[in-house]
Amino acid sequence: MMDKISKTTFFLMALVFLLGSCSQKQENPIAQIDKAMAQHRSVHYKILEKYTYSYTPDTTVTPYEIWAVKDSVDKLHHGYVWINNYYRPYNMIYDRGNFYLVIPPKKTTLLYKNFSEDFISPVDWVDVFLQSDGLQKLVSQPGVQYSVTDVTFENKKCFRFQLHFKKEKKEYVFIIDKKQQVPLLAKMKRDYGKYTFTEALYFSGFQFDGVNKAELQKKEKEILAANPVQPGTDSEISRLEKMLHVGDKAPLFDGKFFASGKPFQLKDYIGKKVIIVDFWYTHCPPCVRAIPELSKLYAELKDKGLLIFGLNSVDNRPASLANLKNFIGRRNISYPIILTRPSVDRQYKINGYPSMYVIDKQGKIAFVDIGFDQAKLFLLKQKVEKLLR
-7 MMDKISKTTF
3 FLMALVFLLG
13 SCSQKQENPI
23 AQIDKAMAQH
33 RSVHYKILEK
43 YTYSYTPDTT
53 VTPYEIWAVK
63 DSVDKLHHGY
73 VWINNYYRPY
83 NMIYDRGNFY
93 LVIPPKKTTL
103 LYKNFSEDFI
113 SPVDWVDVFL
123 QSDGLQKLVS
133 QPGVQYSVTD
143 VTFENKKCFR
153 FQLHFKKEKK
163 EYVFIIDKKQ
173 QVPLLAKMKR
183 DYGKYTFTEA
193 LYFSGFQFDG
203 VNKAELQKKE
213 KEILAANPVQ
223 PGTDSEISRL
233 EKMLHVGDKA
243 PLFDGKFFAS
253 GKPFQLKDYI
263 GKKVIIVDFW
273 YTHCPPCVRA
283 IPELSKLYAE
293 LKDKGLLIFG
303 LNSVDNRPAS
313 LANLKNFIGR
323 RNISYPIILT
333 RPSVDRQYKI
343 NGYPSMYVID
353 KQGKIAFVDI
363 GFDQAKLFLL
373 KQKVEKLLR
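With the working numbering applied, the sequence shown covers -7 to 381.
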């Protein structure tokens, strides 16, 4: 009898021990972080974005400040978002399906409806915060393989989440502070065959539940009143229709040669040669891809009567001139860079970058295009060669 009691007692003690051990077992890190984010209604934080392409030595640096408030009514992103990019400067506002890209220097706003894309990057943490199981959704995407390891980062104990997307040839990495349950660093690397894109986001200043949505929406109304929304859709055809058209007289403008600081006036060149004006800025990937091709085109055709001017109004501010100098210094750009005012972009009705116009010898627009790829380069070159005959 005693032996039977002893066995029963031992079994009960073992069961209690096992149950106790289970209750103390560490929660799954993904569920743990999603649970921490679900406890908050709003967040305010900062991001320093650094990205580069394998075909260029430059690392582009852009600061952002983000405010996000959860909104169960919104079915796309489940929240209200305001992002301030002080460098360009841009404002990005998301409100129940509508994404507003506000461009204060041009006093205009582009509207993208039913916006379901990433705000800054797939690893910017906005959607992870807004959705109740945001991190779980991220790691559960089709074809993703992920791992979680313990690491020390900036003297803090952290989780390291690594996500590998084999089909898309991309990889995400998050370094998340175990104590604060917030990201300190996120990286994305994507292989495009001919080049690799690498992006790193450095997070700081997380503050939860201090954002007033009503105040943010009031600020939104003020911003949109000062920078009216352009009518129409955001398709490339629609954007081209809003620009100057072939046959229009090219508006005259002045500026400053970046290299020498001397004054520039378009009227000094009109009527003498065929002119390409390229509206660009340093943080624009297709703009950067166009530069070496335009340099080759200019070297090939300048003796036949071609001029190219790279017009930059975006980097023409004290906060960005040092970056522009470094950017240009790393490249062999064969044509002059002209610093202009945002009013010149408005004169030429620029609503995307890069935008290129060809001006004939009569001072009229002979060609217009937006964006850059090899097909667009072919059409540009074809038009210029025809005008030079």
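Bear in mind the hints are in silico, worked out from the structure with no lab data behind them.
It should be emphasised that the depicted structure is a prediction, and the values quoted were computed from it without experimental measurement.
Treat the hints loosely; a few may be bogus.
What the hints assert, rightly or not - Taking lysine-lysine and the PhoX-like style, the derived pairs with C-alpha atoms no more than 25 Å apart in a straight line are:
#1 K171 with K288
#2 K171 with K259
#3 K317 with K353
#4 K186 with K149
#5 K181 with K129
#6 K288 with K368
#7 K148 with K159
#8 K186 with K211
#9 K38 with K205
#10 K213 with K181
#11 K264 with K38
#12 K179 with K158
#13 K373 with K186
#14 K105 with K210
#15 K288 with K210
#16 K234 with K296
#17 K265 with K378
#18 K148 with K171
#19 K159 with K129
#20 K181 with K161
#21 K213 with K67
#22 K213 with K341
#23 K105 with K213
#24 K296 with K341
#25 K296 with K375
#26 K179 with K205
#27 K186 with K42
#28 K288 with K375
#29 K356 with K234
#30 K296 with K373
#31 K159 with K179
As the list claims (entries may be wrong) - What follows is a set of in silico ranges between Cβ atoms, one per label pair, in the way DEER data are often shown:
#32 A367 with G202: 32 to 42 Å
#33 Q31 with A251: 20 to 30 Å
#34 Y194 with Y138: 15 to 25 Å
#35 P134 with A311: 38 to 48 Å
#36 D183 with R333: 34 to 44 Å
#37 Q137 with K213: 38 to 48 Å
We put the beta carbon where it would ideally sit given N, CA and C, even for glycine.
Problem set entry | Pairwise hint evaluation, K159 against K148, where the allowed Cα distance is 25 Å at most | 33 Å, violated
Exercise. If you draw a straight line from the CA of K356 to the CA of K234, is it 25 Å or shorter?
Worked result: With a Cα-Cα distance of about 17 Å, the restraint between K356 and K234 holds, given a limit of 25 Å.
Exercise. Is K213 within 25 Å of K341, Cα to Cα?
Worked result: Holds: K213 and K341 sit about 24 Å apart, inside 25 Å.
Problem set entry | Agreement of K171 and K288 with the hint, judged by alpha carbon distance not exceeding 25 Å | Cα-Cα ~53 Å, so violated.
Problem set entry | Given pair status - K375, K288, alpha carbons within 25 Å | Distance ~16 Å between K288 and K375 Cα, so the pair holds.
Problem set entry | Q31 versus A251 beta-carbon gap, inside 20 to 30 Å or not | With a Cβ separation near 55 Å, Q31 and A251 fall outside 20 to 30 Å, so the hint is violated.
Exercise. Given the proposed pairing of K179 with K158, does the C-alpha separation stay at or below 25 Å?
Worked result: 16 Å, holds
Exercise. Taking 25 Å as the top limit, are the C-alpha atoms of K234 and K296 close enough?
Worked result: 32 Å, violated
Exercise. Within 25 Å, alpha carbon to alpha carbon, are K181 and K129?
Worked result: Holds - the C-alpha atoms of K129 and K181 are around 19 Å apart, at most 25 Å.
For this session: For Y194 and Y138, compare the CB-CB distance with the range 15 to 25 Å and indicate the outcome.
Result: 22 Å, holds
Exercise. Are the Cα atoms of K213 and K181 separated by 25 Å or less?
Worked result: Distance ~37 Å between K213 and K181 Cα, so the pair is violated.
Exercise. Are the Cα atoms of K296 and K373 separated by 25 Å or less?
Worked result: 13 Å, holds
Against the hints set out earlier in the document, violations occur for numbers 1, 2, 3, 4, 7, 8, 10, 11, 15, 16, 24, 26, 32, 33.
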